[in-house]
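Trainee: When you get a sec, could you build the whole thing from the sequences and use the hints?
With mature numbering (1 follows the signal peptide of the UniProt record, and there is no 0) applied, the sequence shown corresponds to residues -37 to -1, 1 to 362, in that order.
Do not rely on the hints blindly, as some may be mistaken.
[Unchecked claim] With a cut-off of at most 20 Å between alpha-carbon atoms, the simulated PhoX-like pairs for lysine-lysine come out as follows:
1) Lys37 to Lys325
2) Lys130 to Lys63
3) Lys137 to Lys37
4) Lys325 to Lys243
5) Lys137 to Lys63
6) Lys37 to Lys91
7) Lys243 to Lys37
8) Lys243 to Lys91
Think of the hints as simulated: they come from the structure by calculation, not from any bench. Please read these numbers as outputs of a predicted model, since none were measured by experiment.
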Amino acid sequence: MYYCVTKSITFSVRMRKMVLFCAESLLLFLFSVQAHALIHCSATGPAGITDILNIAPANISAGADVPVGGEVYKGRYERSSQFMGEVSCISNRAERLNIKAVWRVTRGSAYGMADPVPGSPDNGRIYKTSVPGIGVVVSAGSSGGLTENVAHTLATVNEMLSPDTPKSSPGTVKLTAYATLVKIGPVQPGIYTFSDADFPQLSYRWENNGSDITGLPHRVVTVGFSGNITMNVQTCQTPDVNVALGSHDITRFTNVGATTSWVDASIVLVNCPVFHGYYKTGNPSQLYLNGPPATPTEALSNSVRVRITPATQVVNAAAGIMTLSPDANAASGVGIQLGWGSADATPVPFDFSGENTLPLPKTGQATIRIPVSARYIATENTLTPGKANGAATFMVNYY
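Mentor: Shown next as structure tokens:
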């Protein structure tokens, strides 16, 4: 283009037209360069930090009957609320600065994304782990699950820059992140170990939100995981229960609702594993950089939920009253009532339409007693003597 401009005086008319075209092209080129404004951002606070969190505690227990989407572990990471992660941006002309500070997954789980989990608030944002049926979600603050493509914004800057006048981003920010193990499908009974490869890596960084900027993305903190956590998914054995309610004279049943004394009908669980407990939203395990704290977060107790279904007709479900078995020479006008609680205390009626819950001890007891009681109760004004047997099926679910 420069050759065309300098030789234009001596060239022919035809050549002058070409020279003019070249000159016009040069002007357009210069105009496009002048219209391009440069914004550059650089760190003015901590940058390039890597926090490796020790997964804690070493052991948890997951109930075999936790529903799909349920949490079996949640760990929480937090940096000081006074943490500084500033950037300073400057432009050579008046230009709009549009940047954001985000949490983002920068390395997913080694096992890829999980299949969709209908009903889960993090559906489509759950990573697989090495344990079939268990996925992992990473989140920040109150955000849902994060991925490489789904970020959580903590702060934004969207304003005009004055020429050659630097603008600093907000520097004080509370960094909080979570790693949650969730059930995404059936889990076979057993003992499983999760390692750092099961957990995605997170990064807190400043990113371009629309402006033409150099120096971004600017990584402030990367959060990774180290160590192992062992998950126990085991249950107890549940032998049949035989209850002797005794022999009673029908004259003691003077009216409908008259009863005998409560008798122990407890369900005894045997050969139980250690129930270490678990962590979930509202009670996460605190994760630290330099090993577990002197006083770790207390785990929530695992529990069993018990449902009883009579093998005979139900007289009153809410009151836990069932009819006797229709044996030959069976008594009439009397039923069996089941209660929740110890016989030597004051049991409450066992509602057949619902479940009762018992927290499980974390002390490693091999035998655990589920307190159920039983007694006879008059269901009619007129009774006839006879056999007074009954049967019911109990269902014990682990959470």
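Trainee: What's the verdict on Lys243 and Lys91, does the C-alpha distance respect the 20 Å limit or exceed it?
Mentor: 18 Å, holds
Trainee: Is the hinted pair Lys130 and Lys63 satisfied, with a Cα-Cα distance of at most 20 Å?
Mentor: 14 Å, holds
Trainee: Straight-line Cα separation of Lys37 and Lys91 no greater than 20 Å?
Mentor: Holds: Lys37 and Lys91 sit about 16 Å apart, inside 20 Å.
Trainee: Sort out whether Lys37 lies within 20 Å of Lys243, counting only the CA atoms.
Mentor: 5 Å, holds
Trainee: Given the hinted pair Lys37 and Lys325, is their Cα-Cα distance within 20 Å?
Mentor: 18 Å, holds
Trainee: Tell me if the straight-line CA distance from Lys137 to Lys63 falls inside 20 Å.
Mentor: It holds: about 15 Å lies between the C-alpha atoms, which stays within 20 Å.
Trainee: Need the status of pair Lys325, Lys243: alpha-carbon distance at most 20 Å?
Mentor: 17 Å, holds
Trainee: Hinted pair, alpha-carbon criterion (20 Å max): Lys137, Lys37. Please report holds or violated.
Mentor: 19 Å, holds
In summary, this structure violates none of the numbered hints.
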